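Asks: With chain U's structure known, arrange chain H on it following the hints.
There are 2 protein chains.
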Amino acid sequence: MPIIRVPGFKFAGVTCGIKKSKKKDLALIFSERPATAAALFTTNRVKAAPVLVGMKRMQRGIIQAVVANSGNANACTGAGGMRDAEAMCREAGVRLGINPGLVLPSSTGVIGVPLPMAKVKSGIEKAAAVLSAGSFSQAAEAILTTDRFAKTASASFRVNDKKVVLAAMVKGAGMIAPNMATMLAYILTDAAVEAGTLRAVLKLAAEETFHCVTVDGDMSTNDTVLFLANGAAGNAPIRRGSRAERRLAEAAREVMKELAIKLVEDGEGATKVVEIFVVGARSVAEAKKVAFTVANSKLVKTAFFGSDPNFGRIMAAIGYAGVPIRPERIDVGFDGVTVVKNGVGMPSRERAAARVLRRLSFRLKIHLHQGKASAAVWTSDLSYEYVRINSAYRT
Amino acid sequence: MPIIRVPGFKFAGVTCGIKKSKKKDLALIFSERPATAAALFTTNRVKAAPVLVGMKRMQRGIIQAVVANSGNANACTGAGGMRDAEAMCREAGVRLGINPGLVLPSSTGVIGVPLPMAKVKSGIEKAAAVLSAGSFSQAAEAILTTDRFAKTASASFRVNDKKVVLAAMVKGAGMIAPNMATMLAYILTDAAVEAGTLRAVLKLAAEETFHCVTVDGDMSTNDTVLFLANGAAGNAPIRRGSRAERRLAEAAREVMKELAIKLVEDGEGATKVVEIFVVGARSVAEAKKVAFTVANSKLVKTAFFGSDPNFGRIMAAIGYAGVPIRPERIDVGFDGVTVVKNGVGMPSRERAAARVLRRLSFRLKIHLHQGKASAAVWTSDLSYEYVRINSAYRT
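In the order they appear, the protein sequences are chains U and H.
Be aware that the first sequence starts at 42, since it is given in the working numbering, and climbs by one per residue.
Be aware that the second sequence starts at 42, since it is given in the working numbering, and climbs by one per residue.
Keep in mind that the hints are not guaranteed to be accurate.
Which copy is meant is left open, so a pair is good if it fits within one copy or across any two.
[Claimed, not checked] Straight-line alpha carbon distances no greater than 30 Å define the calculated DSBU-like cross-link-like pairs of lysine-lysine that follow:
| id | residue 1 | residue 2 |
| --- | --- | --- |
| 1 | 60 | 382 |
| 2 | 63 | 162 |
| 3 | 303 | 204 |
| 4 | 382 | 160 |
| 5 | 244 | 413 |
| 6 | 244 | 330 |
Because the hints were derived from the structure by calculation, they are not lab data.
As the structure is a prediction and not an experimental result, all values here were calculated from the model.
Chain U extracted, bound-state conformation:
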């Protein structure tokens, strides 16, 4: 894999001992100049301290560095947790020679345990000492928890003859659910982008990517998606409605979609990636509601794991989605193999459908025949490994 570089950004990922495994657990992302920032945070009412601090930082909309640790979420830690999140920013500010108000903190891992601040501080010092433009993947590694692999993607495009880069790293694996920032994600570009444009591009791209994946339906306390544009490319700031904005939006969507699907691939215990594609709905909202209800059904997800084209469970989930569907109109198919036609099951097609379900990735298409709206959602299966990871996570 080629090394990802984003002009004007430096990275570090180091081990400071928060994780017992001695894997990397502290990341720094540093922009040589203050960057325009847009962010999305978890909509969970229980928000971790770094999220609360990050939301405060975003009032100004200018960020120059991210300090992130894995192994400890600094959530449900009360006033002490808030002090620790601020202290992380202060330490990073000192080591990077910038105002702590320009540092956004993130934490991910176990909830309810105070951050081991001596380790965190030594980690920040260590990371600041090894910052480099070529260490993107080290930083991406240092934000992982139960993830099996680091998830990064990049794209480049032209703005008025200047080549600019857009790259991102995400962390996911568990507590992946929609309607929130979903995970830790840092999206970086050297393009100059006006603040309002950056916010609009992030919001729309997230709606079509990160907000369309689900692993377990659980929504985390710590999720943060941050988009930084540092302007190192020297272009005139990208504005709303411009052709450059469309290119930026395309690049963001492309990179974020690639990462969203990687999130599902790396979902805890996932052995398969399934696209739930609902068509013929009266509205996108109804299509999404049906798709997510099917995607989050424990019975459907275990059937996926067992390569069982159990259309009965799919029909049952469609039926309780809270959308006024008409059962007798519904068609259901797996990669072109129809298993329900006009609401009636076709047991004779099950053998052919089971062959589709043995693939590592396939599409479940649900046609409601009620309208013209559609939506796609990506999900994983529910395996023994999911239970193993989550019953033994801390023990």
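Replies: Frame of chain U, contents of chain H only:
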């Protein structure tokens, strides 16, 4: 266990070959006289044929027999399925010598496969031939699918010096979710009860029992709760607002609560029964919403399985329940061991809490400190066995 008898009712449970396992798969419940009936059906928009037929039967509110098969749900089977459900009633009517319009059909099992009607009919004939007052438990066995044990309960009480009996059988195991009839359940009494009173008693008792349990959050297409009062006791019909009504309601609640908890105990793969008790809510609706969100969280349920008092996942689930909670007020405890106080985790109590979680049954108490309403919900853990059962159910 003593044999359950309800005066005026006869039962049968036989094998007719719908299940490959040769376990019992056809049940008859017969009342010597037409009984006053109240019923609750699944609120799933995808309803099985027997549910649609049953709803039609309930327009008159008089039922004399139930014919139920297990191993095949007769759902997603189109017009043919409707004909089969009616044919079951016809066959039962002929064999029992009653009007088919007094027969309520039920089916449970695999969805989308046509009923093997020759087997069903021979089963009805066989069952009608062996009907007896002492075969309550045989009928209870014949409605099971992935259940590990038959679930029955009974109580007796006095109405004006007459002793009356109330007994019930349920079938559950998977697709157990609230806000619906939840499962197959037949509740029988020899008391005479006015129709409106029977409906009111059933609705209220279900609200506090069957509607408070969840195994997987999936809602079935076939669920039916039927309450029959045949008046064989010879009492004056029980009326609204009477003391007898209170006794009937108490007996119904007691029997249905016992069965609701047995449903969770027998939840697919369940190794533990957990009561989620939410107090200090602003309304019962909000308390229930929080309780069910925690009860259905895959991450919380796997932590229960692993005896991990993972209060972070519990706090996260409380936070995304859609209720305007105040994190900093919340206390969380397991059987008296507090693990979260004022929203802050207490890692030092985890060892003591883990000992509680190793019990077969315990209470998770969540205090929201926002009001005076409370609600209790029962749920199971999410185990390897759940995944095994549901990934291999049909294969």
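Asks: Enumerate the violated hints, using their earlier numbering and listing them in ascending order.
Replies: none
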